[in-house]
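Here the protein sequences line up with chains X and E, keeping their order.
Residue 197 in numbering that gives the first Met the number 0 sits at position 198 of the first sequence, with consecutive numbering throughout.
Residue 183 in numbering that gives the first Met the number 0 sits at position 184 of the second sequence, with consecutive numbering throughout.
Everything labelled a hint here was simulated from the structure, so no lab data went into it.
Ideal placement from N, C-alpha and C gives every residue a C-beta, glycine not left out.
Where hints are given, some of them may not hold.
Unchecked claim - The calculated BS3-like cross-link candidates involving lysine-lysine, where the alpha carbons are at most 30 Å apart (straight line), are: (1) X:K85 - E:K85; (2) E:K311 - X:K310; (3) E:K308 - X:K136; (4) E:K311 - E:K384; (5) E:K308 - X:K308; (6) E:K85 - E:K120; (7) X:K308 - E:K136; (8) X:K308 - E:K85; (9) E:K85 - X:K310; (10) X:K85 - E:K308; (11) E:K308 - X:K101; (12) E:K85 - X:K311; (13) E:K310 - X:K311; (14) E:K310 - X:K85; (15) X:K101 - E:K311.
Unchecked claim - Which stretches of chain E does chain X cover? Using the computed rule of at least three CB atoms under 8 Å from a CB of chain X, they are: (16) 54 to 67; (17) 96 to 106; (18) 249 to 262; (19) 313 to 319; (20) 327 to 335.
There are 2 protein chains.
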Amino acid sequence: MRPVSGESKFILQYCSMFTLQATDPAGQARAGLLSTDHGVIETPIFMPVGTTGAVKAVHHEELESVVHAQIILGNSYHLFIRPGMKIMAEAGGLHQFIQWQKPILTDSGGYQVFSLAEKRKIREEGATFQSHVDGSKHLFTPENVMDIQRVLGSDIMMAFDECTPYPCEKPAALLSMQLTHRWLARCVKRFGETEPLYGHRQSLFPIVQGSIYPDLRKQSAEYVAGFDLDGHAIGGLSVGEPAEHMYAMTELVCRILPAAKPRYLMGVGTPWNILECIALGIDMFDCVMPTRNGRNGMLFTRHGVINIKNKKWENDFSPIDEELDCPVSRRFSKAYLKHLLQAHEMVGAQIASLHNLTFYVWLTGEARRHILAGDFTTWKPLMVKELMRRL
Amino acid sequence: MRPVSGESKFILQYCSMFTLQATDPAGQARAGLLSTDHGVIETPIFMPVGTTGAVKAVHHEELESVVHAQIILGNSYHLFIRPGMKIMAEAGGLHQFIQWQKPILTDSGGYQVFSLAEKRKIREEGATFQSHVDGSKHLFTPENVMDIQRVLGSDIMMAFDECTPYPCEKPAALLSMQLTHRWLARCVKRFGETEPLYGHRQSLFPIVQGSIYPDLRKQSAEYVAGFDLDGHAIGGLSVGEPAEHMYAMTELVCRILPAAKPRYLMGVGTPWNILECIALGIDMFDCVMPTRNGRNGMLFTRHGVINIKNKKWENDFSPIDEELDCPVSRRFSKAYLKHLLQAHEMVGAQIASLHNLTFYVWLTGEARRHILAGDFTTWKPLMVKELMRRL
Numbered sequence: 000m001r002p003v004s005g006e007s008k009f010i011l012q013y014c015s016m017f018t019l020q021a022t023d024p025a026g027q028a029r030a031g032l033l034s035t036d037h038g039v040i041e042t043p044i045f046m047p048v049g050t051t052g053a054v055k056a057v058h059h060e061e062l063e064s065v066v067h068a069q070i071i072l073g074n075s076y077h078l079f080i081r082p083g084m085k086i087m088a089e090a091g092g093l094h095q096f097i098q099w100q101k102p103i104l105t106d107s108g109g110y111q112v113f114s115l116a117e118k119r120k121i122r123e124e125g126a127t128f129q130s131h132v133d134g135s136k137h138l139f140t141p142e143n144v145m146d147i148q149r150v151l152g153s154d155i156m157m158a159f160d161e162c163t164p165y166p167c168e169k170p171a172a173l174l175s176m177q178l179t180h181r182w183l184a185r186c187v188k189r190f191g192e193t194e195p196l197y198g199h200r201q202s203l204f205p206i207v208q209g210s211i212y213p214d215l216r217k218q219s220a221e222y223v224a225g226f227d228l229d230g231h232a233i234g235g236l237s238v239g240e241p242a243e244h245m246y247a248m249t250e251l252v253c254r255i256l257p258a259a260k261p262r263y264l265m266g267v268g269t270p271w272n273i274l275e276c277i278a279l280g281i282d283m284f285d286c287v288m289p290t291r292n293g294r295n296g297m298l299f300t301r302h303g304v305i306n307i308k309n310k311k312w313e314n315d316f317s318p319i320d321e322e323l324d325c326p327v328s329r330r331f332s333k334a335y336l337k338h339l340l341q342a343h344e345m346v347g348a349q350i351a352s353l354h355n356l357t358f359y360v361w362l363t364g365e366a367r368r369h370i371l372a373g374d375f376t377t378w379k380p381l382m383v384k385e386l387m388r389r390l
Numbered sequence: 000m001r002p003v004s005g006e007s008k009f010i011l012q013y014c015s016m017f018t019l020q021a022t023d024p025a026g027q028a029r030a031g032l033l034s035t036d037h038g039v040i041e042t043p044i045f046m047p048v049g050t051t052g053a054v055k056a057v058h059h060e061e062l063e064s065v066v067h068a069q070i071i072l073g074n075s076y077h078l079f080i081r082p083g084m085k086i087m088a089e090a091g092g093l094h095q096f097i098q099w100q101k102p103i104l105t106d107s108g109g110y111q112v113f114s115l116a117e118k119r120k121i122r123e124e125g126a127t128f129q130s131h132v133d134g135s136k137h138l139f140t141p142e143n144v145m146d147i148q149r150v151l152g153s154d155i156m157m158a159f160d161e162c163t164p165y166p167c168e169k170p171a172a173l174l175s176m177q178l179t180h181r182w183l184a185r186c187v188k189r190f191g192e193t194e195p196l197y198g199h200r201q202s203l204f205p206i207v208q209g210s211i212y213p214d215l216r217k218q219s220a221e222y223v224a225g226f227d228l229d230g231h232a233i234g235g236l237s238v239g240e241p242a243e244h245m246y247a248m249t250e251l252v253c254r255i256l257p258a259a260k261p262r263y264l265m266g267v268g269t270p271w272n273i274l275e276c277i278a279l280g281i282d283m284f285d286c287v288m289p290t291r292n293g294r295n296g297m298l299f300t301r302h303g304v305i306n307i308k309n310k311k312w313e314n315d316f317s318p319i320d321e322e323l324d325c326p327v328s329r330r331f332s333k334a335y336l337k338h339l340l341q342a343h344e345m346v347g348a349q350i351a352s353l354h355n356l357t358f359y360v361w362l363t364g365e366a367r368r369h370i371l372a373g374d375f376t377t378w379k380p381l382m383v384k385e386l387m388r389r390l
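So here's chain X without its partners, still in its complex pose (with noise of 0.2 Å):
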């Protein structure tokens, strides 16, 4: 499983899972290839996320052929829910089920029994809720997400974690960091003592916590460095706090974990966080904003924000976006995107979300050559301040 590399000058350290090929010279922001037995991935990326096995209103072929997508995420609370996982270990696992063939990272559920589930409680032992589909009551713990993640049979697994919302009491988060850290050392154990279901590796990526606190961001970074998985994410964050809370943590806690494997930011962001995240050395992201805000008319350029549903592109016949290697974006115009979504034909979500998304991997492929080319610090803050720009 060696990742093959036509970029071997590049290549400064290998562990099992991650190549870094080049760190800027000037800054933090990294390119490596991350390799799983479902294909290698080029870092920094961007990673649809496909929650209940599907990205919203992009389906597969589109993925693959148009936003060139390398990864994309499943979630484990909804795929438990629905359809369950009776069916998906009939399926032979989540990449069958979806006939999906790249890799697959699936969340722990952690977040979504936070933010989704009813009724639910928080003991050492797990997290008890109640379905948001149907009503019925579960349990999960940090060993049934691992033998749940099993059986999805995702290439990255991630730890079960308590994500603290914002704004959260440092008691309260130094509370919930602790119960995570604990709940890590479950999910580590478990995760050792199973198998892979279907032949090819599982990688289990713990999740640093800590709020907005330095001194609890520090203490996660070091607790889950010290497990020495094959990655490491970042979570808490992008859960409303200011920017500058979220790129002064981002940027604490890149420097504790080690160079030599993945740094997984959650949940982020924006083009320009994604950007100013990646100059912190973060090498993967995920975001519903590409598609979510899609629907609702926010498109992302090169050139900077579109808000579609604006009056100004009512007889605005220029395509969406020519520049971008994504054929809707050309063929379309702005008038007719417009008319879509104001019109609730699904076509306009569909339209919009592939265009979003493309520009995601577009800009994180982007940001990759920048820093292979050694550029990547000159170029990134006036890019930033493009895709900041309203048009």
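Based on the hints, put chain E in the right spot on chain X.
Using the frame of chain X, we list chain E on its own:
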């Protein structure tokens, strides 16, 4: 604009728009070529419905590359209401606005005024109604509906008619038909007094009405045929009447309408309805069934109908339809599609709609191949039997 045909030995008759290539030796089924300035359509044909300028859940790229749609429909009522004729004129017509360069047929909006709009009133002059979107008051007349379709620039414009509901007492059906006839005369006059706006030819199709009364249908067919327009449509069927009535009226009308011109049966229907009506001499069909029923989990295949919501499919991991030349039907399983529709994932509606539309267009193409091969009459009853099976 003379159509080019590779099958010239089949050419029997020629009129300005339609080339009748073959008639089944044992029946009335026909194969033809319908020539427009946006391309030649091979008949019999199913036309996907793009009411507001978009086919529900299937964008144009897929309509072209997967469905192989040769012509789509737009609707004057919906497009008049939103985005409105000012935008449409600025765009340079519907083809430009929606970036669809193949043929377009637009319905006149008569059916929608009566089925969707509020507070509608029919007078000799036309129909007054309030928009179902914003309650604004409007008047549709035969004249302004012609003007609207000139601005839309559709290749085939439909006359403004009153569509009788089912059931409809004979005196009311007679009065309604007579009004439709007077409106038709006004449509033809206005059509003749106006010119296409965008340099391509537009045809006007009149609509036969008369509910389920043979003498009214006969009278209507003879009346509309007298205008010597490019083609003819049959309206007021598939509105709730038993299939036997639909077939009887279609057969009666087809025997009157000239064979040299295309015949369009509006709003029909199931796959078996379509084959039965092809057998009676119909060339063109449209229906929302493949998309609407698809969204609700009904899938049409050459071996019968699948109700994907049935529990029996929940662990059926076989492809939706391995035989159809549609990537999503071959890639995704019945179990996955059932899951997506039950989880209300848009991708479920997209896959089901794409499958059904591809199937409908394949089916009319298959009928055409059998007509050209001369074995339609032996093939049709066997196929109908298969199509109607419940899987």
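Quick check: which numbered hints come out false for this structure? Hints 1, 2, 5, 13 and 18 contradicted; others consistent.
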